[in-house]
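Number of protein chains: 2
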Amino acid sequence: MSSDKKNHIKLDFAKGGGLLPAIAQDYATGKVLMLAYINEDSWQQTLETGEAHYWSRSRREIWHKGGTSGHVQKIREIYADCDNDAILFRVDQIGGAACHTGYDTCFHQRVARDGSVTVAGEKIFDPEKVYGK
Amino acid sequence: MSSDKKNHIKLDFAKGGGLLPAIAQDYATGKVLMLAYINEDSWQQTLETGEAHYWSRSRREIWHKGGTSGHVQKIREIYADCDNDAILFRVDQIGGAACHTGYDTCFHQRVARDGSVTVAGEKIFDPEKVYGK
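Residue numbers (the numbering used here), protein chains in the order written: chain S, 1 to 133; chain D, 134 to 266.
Because the hints were derived from the structure by calculation, they are not lab data. In this text, a Cβ means the ideal position worked out from N, Cα and C, and glycines have one as well. Incorrect hints may appear among the rest.
Computed cross-link-like contacts, EDC-like style, restricted to lysine to aspartate or glutamate with a CA-CA straight-line distance of at most 20 Å [claimed, not checked]: (1) LYS31(S) / ASP218(D); (2) LYS143(D) / GLU210(D); (3) LYS31(S) / GLU210(D).
Listed below are several chain D residues computed to face chain S (Cβ distance under 10 Å; list not exhaustive) [claimed, not checked]: (4) ASN140; (5) LYS164; (6) GLU181; (7) ARG192; (8) LEU221; (9) ARG223; (10) PHE240; (11) ARG243; (12) GLY248; (13) SER249; (14) THR251; (15) ALA253; (16) GLU255; (17) LYS256; (18) ILE257; (19) PHE258.
Based on the provided sequences and hints, a complete structural model is requested.
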């Protein structure tokens, strides 16, 4: 991909200090699965491989989602927002769970208007069995 | 809301330098509408009013979404992610359009694997008529 092609996306990585937020949404259910960050390299690897790649802020390295657990995210559609500083991946979530805690979605803490939290979401796997203790 | 109550959410605003990403999703259709940022004050105002408030990074002020256009976002559900550094608002999007460009969603640029963009999304209103020229 050449960045000077017409009608080609130019993500504004500078705006986010090199990182932009990327939302993963389940293609079949519409559930929002997680939010992570991409840098230019992880973006290119996502386009090239068709599987979601992020930038791990804690490990400071490219993160092929599912590389350890097998729960990769197969890209079905990609959307950029109106000012080119956020991305939406619509994915097939292999294994059915996006969250390292074993829940189907990372967004499994439901917050009431008084700030109280209840756990809402489906536990798909036991993290100890997938990642070890 | 007292932040030392048990089972109350403690968002990790420090992790994002005072700002955390918030996703707005249409409650009825499941469509991802936009991504913006919240600070502690806009978060509290969202909880108190039941309408989405963000932090405008360009204007450097609290942004009551829809305050100008009337296209407010009525909060139906709120979810926090597993590490308390991202938020999902599930909303009724009044007026049917979240994007200042008039499209139903800010994520209306569909990106193909070769990086090319096509516009996908429904134009709901003419921005000039809502905001003036």
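Each hint, compared with the structure:
no. : hint                  : verdict
1   : LYS31(S) / ASP218(D)  : 18 Å, holds
2   : LYS143(D) / GLU210(D) : 17 Å, holds
3   : LYS31(S) / GLU210(D)  : 13 Å, holds
4   : ASN140                : 5 Å, holds
5   : LYS164                : 8 Å, holds
6   : GLU181                : 8 Å, holds
7   : ARG192                : 14 Å, violated
8   : LEU221                : 5 Å, holds
9   : ARG223                : 9 Å, holds
10  : PHE240                : 4 Å, holds
11  : ARG243                : 6 Å, holds
12  : GLY248                : 4 Å, holds
13  : SER249                : 5 Å, holds
14  : THR251                : 8 Å, holds
15  : ALA253                : 7 Å, holds
16  : GLU255                : 13 Å, violated
17  : LYS256                : 12 Å, violated
18  : ILE257                : 13 Å, violated
19  : PHE258                : 14 Å, violated
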